[in-house]
Amino acid sequence: MIRNLRELWQYRALLWNLTQRELKARYRGSALGFLWTFVNPLLLMAVYGLVFGIIQRSNIPHYTYFIFVGLLPWLWFSTSVGSGASTISDRRDLLTKVRFPAQVLPTTVVATNLVNYLLSLPLMVGLGGLVGIWPDFHALAFPVVLLVQLVFTLGVTFVISALNVRFRDLQHIVANVLTLWFFVTPVLYVPNAVPEPFRRLYLIVNPMAVIITSYQGIFYEHRWPHPRGLAAVALGSVVLLAIAARVFERRREEFAELV
Amino acid sequence: MSTTDAIVLTGVSKSFRKSTIRREHTTLKSELVRWLKRQRQPEAPSSIIPALRSVSLSVPRGKTFGLVGRNGSGKSTLLKLVTGIYAPTSGTVEVHGRISALLELGAGFHPDFSGRENIFVNGIILGMSRREIRGRMDEIIAFSELADFIDEPVRTYSSGMYARLAFAVATHVDPEILLIDEILSVGDEHFGRKSAAKMEEFRKAGKTILLVTHDLGTLQRQCDQAAWLDAGQLKVSGNPVDVVAAYRAAVAEAEMAAMEQHAPRAPVAVQPRSGPPAEAGRRWGSFEAELSGVEIHGRDGPQHVFSADAPFRLLARYRRYGAVEAPQLELNLRTDGGTLVWSTSEKLPDAEAATLTLEMPRLGLGDGNYLVDLSLGTAGGAVYDVHRGLHGFAVRAQDSSGLLAPVHTWSIEPTS
Chain A
148 MIRNLRELWQ YRALLWNLTQ RELKARYRGS ALGFLWTFVN PLLLMAVYGL VFGIIQRSNI
208 PHYTYFIFVG LLPWLWFSTS VGSGASTISD RRDLLTKVRF PAQVLPTTVV ATNLVNYLLS
268 LPLMVGLGGL VGIWPDFHAL AFPVVLLVQL VFTLGVTFVI SALNVRFRDL QHIVANVLTL
328 WFFVTPVLYV PNAVPEPFRR LYLIVNPMAV IITSYQGIFY EHRWPHPRGL AAVALGSVVL
388 LAIAARVFER RREEFAELV
Chain B
342 MSTTDAIVLT GVSKSFRKST IRREHTTLKS ELVRWLKRQR QPEAPSSIIP ALRSVSLSVP
402 RGKTFGLVGR NGSGKSTLLK LVTGIYAPTS GTVEVHGRIS ALLELGAGFH PDFSGRENIF
462 VNGIILGMSR REIRGRMDEI IAFSELADFI DEPVRTYSSG MYARLAFAVA THVDPEILLI
522 DEILSVGDEH FGRKSAAKME EFRKAGKTIL LVTHDLGTLQ RQCDQAAWLD AGQLKVSGNP
582 VDVVAAYRAA VAEAEMAAME QHAPRAPVAV QPRSGPPAEA GRRWGSFEAE LSGVEIHGRD
642 GPQHVFSADA PFRLLARYRR YGAVEAPQLE LNLRTDGGTL VWSTSEKLPD AEAATLTLEM
702 PRLGLGDGNY LVDLSLGTAG GAVYDVHRGL HGFAVRAQDS SGLLAPVHTW SIEPTS
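In order, the protein sequences belong to chains A and B.
Just so we're aligned: the first sequence equals residues 148 to 406 in my numbering.
Just so we're aligned: the second sequence equals residues 342 to 757 in my numbering.
Do not take every clue at face value.
To be verified - For the chain B half of the interface with chain A, some residues (derived, Cβ under 10 Å), not all of them:
| # | residue |
| --- | --- |
| 1 | F357 |
| 2 | H437 |
| 3 | I440 |
| 4 | D453 |
| 5 | F454 |
| 6 | I466 |
| 7 | L467 |
| 8 | G468 |
| 9 | R471 |
Said to hold, decoys possible - In silico negatives: residues of chain A with every beta carbon more than 10 Å from chain B:
| # | residue |
| --- | --- |
| 10 | W156 |
| 11 | Y210 |
| 12 | T226 |
| 13 | G229 |
| 14 | L242 |
| 15 | V272 |
| 16 | L277 |
| 17 | W281 |
| 18 | L293 |
| 19 | L297 |
| 20 | Y336 |
| 21 | G364 |
| 22 | A381 |
| 23 | L382 |
| 24 | A403 |
In case anyone wonders, no lab produced these hints; they're calculated from the structure.
Glycine is no exception: its CB is placed at the ideal position from the N, C-alpha and C atoms.
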């Protein structure tokens, strides 16, 4: 894992350039340009707000803001994993022609979506301001949660992008699993809505549930994230990243041949 | 391990799975089905394809090493092994020095970005740091001669411009070892010369170059050493002139074999009345008019090995049978490698029979083996008698190489 990360560090310039390029490419030539960053989460929020805030009235106060707090980090995670799955298998042009650490590719996807997430934060804060919820000192915990999610997202994306080189249908399976995963993650509802007997299990098996509720704690409820839960997820994420790095290391020889 | 060698390959083999080559990917679904059917038999050995078989070679530091071979002989695989893109199935690859591989021009180019932006990404991928690229940016742009377009998106470039930009970046990486996969022939003639000059600069600077090429001339001119790969095996390695000679001979043989297969089937029912018998790919035609008694003579009679300065004479007898239109004789002189050296044609007189003599006071050809192909026919498309690969001769010239040995003199006078 150390070697994996050190190579990433050596190639940080490439990582940075590719990320920049990803970001620019996404908005270049489109009429709204950079504003597209906000359009997607805003539309999603509008849809969910309409369905669960107005049609199926939810009893969560400031429901649209609540959705937004959880939806943004979820989008970071799901978009990274979803589009990261094929990131190695799609870059035949690079992998078979130049030698460079392949982990740069999934990392670029994660980094691009992280930047997107960070850029949409002001929008979230502004929306909170509209309903009178400004971030307070609990926001100090935000970088910690962000870091945990980063490690977790990297780990998942590494494993899936590496396996997708051999098993090409994985990316389609992943897309469907992510949809399911979204609904078992408390973005649209609070964990207390989960029936009591399953609640603990629910938080234990789904790291994203812990991460999302941590964000909601910080920005919506103004309380500290659950330290034990977050620590467990942090530890699990580091282990996952270590395993992912191992998988990557073992598979990298076959990348150039199989893509 | 010798430090005088920049690249050392020891018994390197590389095999690919057939499924990989056919790009048939395993899917989870198929794996699952296979598992359910309990068909987990081991992989059949026939599905493994060897690309390189136990290749050992070393490239000395500061030398230019050329690799030749037909398509699919494993040259590119070898380069990728040296680069580290592939790992050898067995054997070891040692590389001493910073390596830059130009296996493909413009790795990582994005069409929507400007030339300048692409220089950055491409440069980083090739192993330069951001600072190095910034420092060399102007030089790279100047070399590419694209200053007017450098801020335009690359997708607006012509393929020549694209290649120029990519080559400009690639040659400014400043590696100790440069691997090149037949890309020198990019752009127009002017740029080609510039690229060649850049290569020369690399050589003078004492860089090690490993070059894959199909251009045997380049190989002989620019390489200090060469190797010929055939079907994944090292055939010959050493002096470029010897390697090229061996390679040429093998290609000629292969082409002959192919020609015999593909040449129009001779109407076997019709056999010529004189000369060698009709044979697919070697002699065919309607034989309404025939060439026979083709002989190659030197000064004093039949001869097959010539020096460049020797006189040369080709004799043939012509006879027509029945009322055919006055034919035309076409003569093609080619190397045994198939390169056309000279082609000429001569109108034959409207006569029953004639003796034809081609006279060359001085042959003027370089060292090599040559074939004289003769073809008797009309401009209207009638084919009477074709002789292909039937008549040959060799030129032995020790002091020069190439196709031509023109008349020349040197005058060298010391100046004080």
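Here is how each hint holds up against the structure:
1. F357: holds (6 Å)
2. H437: violated (16 Å)
3. I440: Cβ of I440/B sits 8 Å from chain A, so the hint holds.
4. D453: Given a least distance of 6 Å, the restraint on D453/B holds.
5. F454: Holds. Min distance 7 Å.
6. I466: Holds, about 5 Å.
7. L467: holds (7 Å)
8. G468: holds (8 Å)
9. R471: For R471/B, the interface hint holds, since the closest Cβ of chain A sits about 5 Å away, which is under 10 Å.
10. W156: holds (13 Å)
11. Y210: Answer for Y210/A: holds, closest chain B Cβ roughly 39 Å.
12. T226: holds (20 Å)
13. G229: The claim stands: G229/A keeps its Cβ more than 10 Å from every Cβ of chain B (closest is about 17 Å).
14. L242: violated (7 Å)
15. V272: holds (32 Å)
16. L277: The claim stands: L277/A keeps its Cβ more than 10 Å from every Cβ of chain B (closest is about 37 Å).
17. W281: holds (39 Å)
18. L293: The claim stands: L293/A keeps its Cβ more than 10 Å from every Cβ of chain B (closest is about 26 Å).
19. L297: holds (23 Å)
20. Y336: holds (32 Å)
21. G364: Check passes; 37 Å lies beyond 10 Å.
22. A381: Non-interface label stands for A381/A: nearest chain B Cβ at 30 Å, farther than 10 Å.
23. L382: holds (29 Å)
24. A403: violated (5 Å)
Checked against the numbered hints above, the structure violates hints 2, 14 and 24; every other hint is satisfied.
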